[in-house]
Amino acid sequence: MLEATADNKLDAPALAGSDIMELRVFGNHDNSDGFRHAVLVARLDNLGKGASGAAVQNIRLLLGL
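Numbered as in my numbering, the sequence shown ends at 72 without a single skipped number.
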């Protein structure tokens with residue numbers, strides 16, 4: 008589990024070039040409508056995740072890189 012940042016912001020390029028997906032859950036316990044709300048945020052770098060990215064990944068796996 009990741010701790011919240013001091014300013015509660017997500018750094019957009021933090022996962023650039025990686026295959027990591029980061030999941031965060033934010034909640035609101037005190038809402039004017041009497042309901043509790045939760046928001047799930049997923050952050051990932053999806054550039055290169057298309058067919059060409061998959062081909063490069065497969066070549067790396069075949070070559071043991």
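Don't read these hints as lab results, they were simulated from the structure. For glycine and all other residues, C-beta sits at the position ideal for the given N, C-alpha and C. Check the hints yourself; a few may be wrong.
Taking CB as the label site, the calculated pair distances span [what the hints assert, rightly or not]:
hint, residue 1, residue 2, range
1, D14, H44, 17 to 25 Å
2, A61, N15, 43 to 51 Å
3, S25, A62, 17 to 25 Å
4, D40, R67, 46 to 54 Å
5, S59, N35, 35 to 43 Å
6, N15, N65, 19 to 27 Å
7, G24, L69, 19 to 27 Å
8, S39, L69, 18 to 26 Å
9, S39, A61, 17 to 25 Å
10, A19, V63, 18 to 26 Å
Going down the list of hints, with the structure as the test:
Taking the beta carbon of each, D14 and H44 are about 21 Å apart, inside 17 to 25 Å as hinted. Checking the proposed 43 to 51 Å range against A61 and N15 shows it is violated: the Cβ atoms sit about 34 Å from each other. Roughly 19 Å separates the CB atoms of S25 and A62, a value that falls within the hinted 17 to 25 Å. Distance hint for D40 and R67: a CB-CB separation of about 50 Å, consistent with the stated range 46 to 54 Å.
Take S59 and N35: their Cβ atoms lie about 41 Å apart, and the range 35 to 43 Å holds. Take N15 and N65: their Cβ atoms lie about 39 Å apart, and the range 19 to 27 Å is violated. Between G24 and L69 the CB atoms are about 21 Å apart, so this pair conforms to the stated range of 19 to 27 Å. One distance hint, 18 to 26 Å for the beta-carbon pair S39 and L69, is violated here, with the actual separation near 57 Å.
Roughly 47 Å separates the CB atoms of S39 and A61, a value that falls outside the hinted 17 to 25 Å. Take A19 and V63: their Cβ atoms lie about 23 Å apart, and the range 18 to 26 Å holds.
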